[in-house]
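Based on the sequences and whatever the hints tell you, model everything.
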Amino acid sequence: MSKEHDKGMSLIVKVITRLTVGLILLYGIYIVLHGHVSPGGGFAGGVIIALSFVHLFLAYGKDVALKKLPKTAMSFFESMGAILFLSIALLGFTGGYFFLNFISKGEPFRLFSAGIIPLCNIAISLKVGAGLFAIFVVLVLLKFEWEKKE
Amino acid sequence: MIIYLLCLILFCCGLYCILRKRNIIKIILGIIIAEYAVNLFFILVAYRMEGRSPILSSEVEIVNMVDPLPQALVLTAIVIGLATTALLVALAMRIYEKYKTFDITKIKELRG
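Chains as they are written, first to last, in this note's numbering: chain A, 1 to 150; chain B, 151 to 262.
Any given hint might turn out to be false.
Claimed, not checked - Looking from chain B toward chain A, a few residues come up when the C-beta cut is under 10 Å (computed):
hint, residue
1, Met199
2, Ser203
3, Ile205
4, Ser208
5, Glu211
6, Ile212
7, Val216
8, Val229
9, Leu232
10, Ala233
11, Ala240
12, Tyr246
To be verified - No farther apart than 16 Å at their CA atoms in a straight line, the calculated lysine to aspartate or glutamate pairs in the EDC-like style are these:
hint, chain 1, residue 1, chain 2, residue 2
13, B, Lys258, B, Glu247
14, B, Lys250, A, Glu147
15, B, Lys248, A, Glu145
16, B, Lys176, B, Asp253
Stated by the list, open to error - Label pairs and their calculated CB-CB ranges:
hint, chain 1, residue 1, chain 2, residue 2, range
17, A, Leu100, B, Tyr246, 22 to 30 Å
18, B, Val195, A, Lys71, 41 to 49 Å
19, A, Gly96, B, Arg198, 33 to 41 Å
20, B, Ala242, A, Tyr27, 29 to 37 Å
21, A, Lys105, B, Val188, 29 to 37 Å
22, A, Leu86, B, Arg170, 40 to 48 Å
23, B, Tyr246, A, Ser113, 37 to 45 Å
Source of the hints: derived by calculation from the structure; they are not laboratory data. Fair warning: this is a prediction, and the values are worked out from it, not measured in the lab. Glycine residues also receive a C-beta, built at the ideal position from the N, C-alpha and C atoms.
Right, here's the structure in full:
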């Protein structure tokens, strides 16, 4: 086995993780994009996206997961989600008031409809996904640091 | 009526866990149980007999749907509960790092 397979869980868990982690990520993106026509939305989809990275972290150890999504990228995405949401809300001032739905609403029950709500969902999912994975990573790294000090 | 009382019993289980247990992790679990009992109570208050979920759909015309306002409230409460739980867990880990124990009766000295 190559060197990156030394850490983490057993080979069975790793193979199953490699097969399923992409599907979990895709399902999260699906939940986010269909947030305005079906149950789900930014928060639920963001949690599923974060869980796919947590899955990778648990199976392969911290090096592989942090190579896929480094800490700088995590903090970038988290800040980007907040700024995107705020700027979408502030853009409503071009037409009148805060949170004005300035894009055309389109036909109901279609994927491309509801104006700014899908964009807001995407911003929320960026924030929640990166933030939740950051919480997990910070809690785990705290434990590692403490064990190193012993 | 009985389901509201069962909700209260669940909340009391969480409260007992918070007040009586000595392990910090069990106290955190008690907080989570109490929180979810309140969430469940809100959802049950919003329920209407034979009501369907308050989501518009193109095929079915809605005649009788449950109240969507407490559901939105509970969604926000779940998000806030997640954040507070993460904070509590981080604090518990810090306490364990400093005092090498989760038992609250053994955490006595105030070390700088």
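Inset, instruction - Against the structure, test the hints numbered earlier, and report the numbers of the ones violated in rising order. - result: Hints 1, 5, 6, 7, 17 and 23 contradicted; others consistent.
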